[in-house]
Amino acid sequence: MMPSTLHERPDDALLDALQRAAFEYFVSAVNPANGLIADTSRASSPSSIAAVGFALSAYPVAVEHGWMTRADAVERSVAVLRFFRDSDQSGGPDATGYKGFYYHFLDQRTGARVWRSELSMIDTALLLAGALVARMYFSADSPAEIELREIAEALYLRVDWRWAQGGAATIRQGWKPECGYLHYGWDGYNEAIILYVLAMASPTHPISDDCYDAWTATYQWENLYGYEFLFAGPLFVHQYSHAWIDFRGIQDSFMREKGCDYFENSRRATHVQREYALRNPGGFAAYGEDCWGITAGDGPSDEIAAITNEPRRLFGYAARGVPYGPDDGTLAGSAALASLPFAPRIVLRAVREMCRRFPEMLSAGQYASGFNPSLAAGGGPAWVSPGKIGLDQGIVLMMIENHRTEMIWKLMRGCPHIRNGLRRTGFRGGWL
Amino acid sequence: MSIVLPRDTPIPPGQELAERERLERLHPAGWTNPAPAQRYGLVVVGAGPAGLVAAHAAAALGARVALIERALLGGDCLNMGCVPSKSMIRTSRLYGEMRDAARYGATPPPAPDVDFAAVMQRMRRIRARISRADSIDRLKAAGVDVFFGDAQFDAADAVTVGAARLRFRKAIVATGASPDTPSIPGLAEAGFLTNESVFDLAELPRRLLVIGGGPLGCELAQVFCRLGARTTIAQDAPLFLPKEERDAAQILSDSFARDGIEVRLNTAAVAVRVENGQKFVDLVSDDYRNTVAVDAILTGVGRVPNVEGLGLERAGVDFDLASGIRVDDFLQTTNPRIYAAGDACLEHKFTHAADASARIAVRNALFPGRQRLSALIIPWCTYTDPEIAHVGLYVREARERDIPVRTFTIPMHDVDRAITDSEDVGFVKIHIEQRRDRILGATIVARHAGDMINEITLAMVAGIGLRTLARVIHAYPTQAEAIKKAADAYNRTRVTPLIQAVLRRWVAR
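So the protein sequences, as listed, match chains S and R. According to the working numbering, the residues represented by the first sequence are 1 to 432, in order. According to the working numbering, the residues represented by the second sequence are 1001 to 1509, in order.
Take every hint as true, because none was put in to throw you off.
Some chain R residues close to chain S (C-beta under 10 Å, calculated; not the full set):
1. Arg1246
2. Asp1247
3. Arg1258
4. Ser1285
5. Val1395
6. Arg1399
7. Thr1407
8. Met1412
9. Asp1424
10. Val1425
11. Val1445
Label-pair ranges, simulated between beta-carbon atoms:
12. Arg1494/R to Pro93/S: 50 to 60 Å
13. Gly249/S to Val1507/R: 29 to 39 Å
14. Arg1273/R to Arg356/S: 58 to 68 Å
15. Arg116/S to Arg1314/R: 53 to 63 Å
Simulated from the structure, these hints should not be mistaken for laboratory data. Only a predicted model underlies this, so the values are computations on that prediction, with no experimental measurement involved. By construction, the Cβ of each residue, glycine as well, lies at the ideal position given by its N, Cα and C atoms.
Bound-form chain R, shown alone (with noise of 0.2 Å):
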């Protein structure tokens, strides 16, 4: 597997700028490796947030760090992943609420002309501002040596990059994960798009077959409908996003709906071939088939974990090509100098999660350290619109476990800012043990539930209930009040028809 730097598309006119200045802080040209210590404390392989976090964690720290990369650092997260399509979806978002503006009581401006050329130069500007912090010069700047090459472990204590070799007393591996292709037959030949290439596009496609319907496949079919894209959206599955809910997973299908997505659940792609460079794509539902003819397909499946050609084997590292590195609890890998971080190792392939596993590994790997994944609460959250966040359990997963739940369902009609907003699709769902006040998890489909979804896991780590989430004032009006308000549902449960009536005898005393 390679990795091919963005540099083989033709980058439009104007943009020049903004893609020099990234390249050249995540991967300079004529770059030359420095020559190895003779002994590393750590070395980290991968530089995608994990791989930097973990370099800057350790080096902060003081031990001696190297850290290999063979693309750009960042990883996919920066140049192919959030960043690039979280600014895309501004874009859209703004493109929606102009055709949507007599919703907000404003003119709809006449038919928007869409400048995908523009969009796509906000998004690099944008990806090459956010680039600074994870620049070649902040890591110099910290310590770290950086060697650009592809990494093969040759020992159980020794790493080769090019020529050299970097011997370590701890290793993490944070290589990341890359995009799962479909095995449709002719879909390779007829060429299709992955977020490795998605945000390289010069032009809008006219008509759109997004295959999958995970977090990737929903965010952008959106974003592309939204932009202009004739879009249809085929799920293997009865709903979107499987692993959520199914109430946010129906209001999502909805929304796609209402956007004017073809939406296509429960249907597989069976077959793609090109005539008068057209893609055709033949869908099967149960017994239902057709074929959709579309200019661009974009696949969004699943992400599977670089785990092949580091010589893993040589290192007595274990992995599984589906499930990534073997690690356990601390993050260990089966070589005991090894650990392993990110999204190579990871069921929850996310930022923020790659993140914090990098930080359990650094500790654990330098220091006599028992810090555990299990003991970590990761939330997450879909950016279409609605926004779909989750943190903790599921209902099902609490069920399976035995333990009755009690969920305070809170629509976000019932929220002033959210109808004030015109942004009252959604709910709050907090999920709490049954007879006790411990949050077990939440759902929040919002317009911005990933940032409201923050205020449930600082609760969940903090420990606390909502008896106590009940006492916190919340500002007026602001959607985040939703949560408030199901505590103070919570809360009305509490008063026993016993209590009520104690109460009332006391007041009228």
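Only chain S is shown next, with the shape it has when bound in the complex (with noise of 0.2 Å):
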């Protein structure tokens, strides 16, 4: 592939070579022996839990395309999904999970928790969220697809998504065996709601009936730049519930009462996005109607260990939002991409016209986790970030096959949980 071309090709062509390109990702960063997939393409990168859950659901897409055979992708699925099932859940600071939950970032060898990360509820319901895209697709009487089937039913229902809570009213963001629950604020919408409809959805331990209606009373409704909307400034938020849930014509207590849903909140959020990069308050260099994609991500950093009293403009990896910022001109081209489902039209324009003035931001057709035109020394290259991580790609993948054939939206509106979990939080109308 040649990257530098790829803005010339028709929209298909376009799509299918950064899909394909997105899923060699998996292919490449895959530990074949337990099936954990490298969180980033850095050197000694550990697994992330959630780029396997994306994995899981990319695994499907590409049986589907013949990128790889059905065997292939039972026999990748099945290793992870063993591994998860026999892991050690004693909950100690080596261990791989506790009550059902795992630790955010393991040993890709061993499978162990590194970094003293935290048991992560989100990205568990990532990873378990993909585990149920695998229970659905692979659905032949084998004797590997059974198996692969009930693994993941057992995976899902061993959580104890109540314990999550931690005696609040919402479900905590994090645990760890040195401190106990963490403390971050977790509030206003954010890219959890996957998270409560398994969690609600448990026939097992799910959360208390009015967890997801105390998560939503944090919510805030607003009208900028003419969009009415659910308030989240980084773009992710407004996307990955999305890969795996398929939010059109469906709609909660709080969406019913704005007249709105989700999916169309993020079609919104999208043009927002447009919007924010067309005004610039930042002043930086390329941000425009088709050069936006404001996310969490890495992005170059000033930071210097000690307290200098130094004024800091760069903020590293950080949780980029509009219009608040932080905003110190950083980018991701493949956040732009996970909104195609929602904004084909003005998404199709970027994609092409970033992939056109800043193909260092791709290599082998994958999207770096962030670029900054800012940094560019003299009229060189955009300062991007180093290596490529799972997340991005996966999303790309799943947010792609969605727009084209809906297909992990299809499988996931046959799956008893996902109707469950959206009925009992409070989910109405369309497919449903």
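Since each chain comes alone in its own frame, lean on the hints to assemble the complex.
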């Protein structure tokens, strides 16, 4: 593939190339022994459980496209599901999980916790969403596919979602053996609908009945740049749950009150991104109607270890958002593309334009986490974050697929846990 | 509890005059309390903002008034609160702008030296000047009997101060609040600053740790950082200003980071020790522990009402050590003769809230008044850069009351004057009730948010909605135009597709 000419291809060919390239990440980032997927392509990257969730969702897509045999996909999926089933669930500092949840980052070889990472509720939900995609897709009566379905179901059923509330009204963001539940505020609209849906649907350990309402009570409905929407700054928030759930035409009580749905909301959020880039209050290079994508991800950093009292302008890995920032001129091409189902016209224009102007943000057709045109020295290439992140490839692959075939959405519309969870969180209407 | 007059600290040379002038006005040396009247129409305990307003208002209404103060007239606001902090904020803003001069198209001066003594001298001059309004002379001229000393109620209708016993028909307790101090092992031994001592500093600490991310901690962290102290702020919560909305607090965190403040959220200070004159503070954030070495520690973890040692029990006045004097909506205490006002009884501890509550207390005490505290619409503002101002309900409060909310948001980067001034960080958010043009509240984050919030407060007090605000012509270019823009955004949503079609047909006829 020649990335420099990507932008000249017709829409279908462009999307084909980007989707196929994104899939290659999961082929190259796997440990075949246990199926774990590396978080990034950087040397000695650990595995991220969310990246595994994306991989499990990507394999069925690859089978449909003929990029991978069904047998290969089943083998990889079963391998990783077995790993989680048999993993150390003691919750110790070097275990893999606790209460059915898993630590965010695992040693890709041993599966033990690394980086003193937290037991992550949202990342476990993304992992299980992937497991449920596999469970729905691999429906044959072969022993391997039967085993796959059984393990996926068992992993879901053993999660103690109620414990994840930690006695509070909403789900805690994380837990560590060293200090218990983390204290990070996790209120306001965020990417967690899929987490709440899965947690509410559990036949074994569901969250309390009022948990979802307690979370949505922290929502803010705002009129910004002429768009009325449920506010969240970083673009990925408006995308992640949508990779698995088709929110078109279904409404919870909040969206009924507002006469909107989450899909339409993400469309508006995408337009708000573009409006922000047009305004470009920070005066950053390249921002414009076809150059945007402000989200959580990697960016340049000017952090100095000691306190120096020096003003900072660059924020490294950060949850960048609009319109309040932080904004240091860093964009994520994958974030723009992942809004494809919501606003295909403006997204395709942006994807094409960014590929044309900043081909350096892609290598082998895969998006870097972030690029910063304001840090292009002397008209040279933009600053580009090193390596690639699995989540970026996963969301690109899934959103392109949903846009073109609705494959993941259709699979998950048939998933009883998703349907029950949506109903129990108050969703009604549409396909539900 | 005792308040120490700020005379313990040596006053730097050249600043004695302003200080002497202020102290002479607020607690003259050699003062002799007057002989008490047989009975006062109103005795006011505490001469901070609430007490002074109450005394002047009651005297103006013709009541025989006594005012008791144990330290300085003017209270915290004038002597160790709003006034000194705001004057230091102004200087620190200037240093911030000098450092950032290139942003304004100006040449940055070569590494401006901070003359900390000059900063404090200016603050003292300003404090002395503003103290005129609170002076003993004005009280005497108004006919108020001023008593300095500790007040002790000894009956339901009498209070003693020194040798004098003051009998009263009505009384107002306005004793204010004091800084709460965190119970961190080693902190007391190491020594720390609060708002009661920080304005007496003679030298800028080279390294400062601020414990607490409330309004005081946030304002002063930024001040000291901009004056050149290497500043760390530790807040034991996910965001600063926990009462404010998430986006406001987030913008503040980012502004702090841009200033170069070391921001430590979700972080508790757990131990302090002193070695070789340096203070070492252990910080814990979940499972991450580290130690910072600093030269000074400032705590701003909240304020507790001054309710102990006043003999309130003997007067039949109920109180709680945390929430203060128990009052009803008319500010009456459990003793029908005695009312309370200001920080001693209010949840919202602001000078302007103290002032407003004192006016209510006076009317309800002297007349058969039925003015309610709950009817007040009280704005507030934290004077960081950008400022964070709020009035009315927060969205979460409205939603808790099952009021559906729409928010009209104008980022300051859409406001021409904010752009011309390179002050385009922030927003105006106006919350209205869905399907009704009723303003529930607003939050403004902007360089001058404190001035801008007054327009929203006016609209709320007058019952004006966004439709009317959209008809108010705002001078161009001003930053307050953001409010008009929010009102215009609301008006545009009133044009439904049906109305739009009708309008189009009419215009095209």
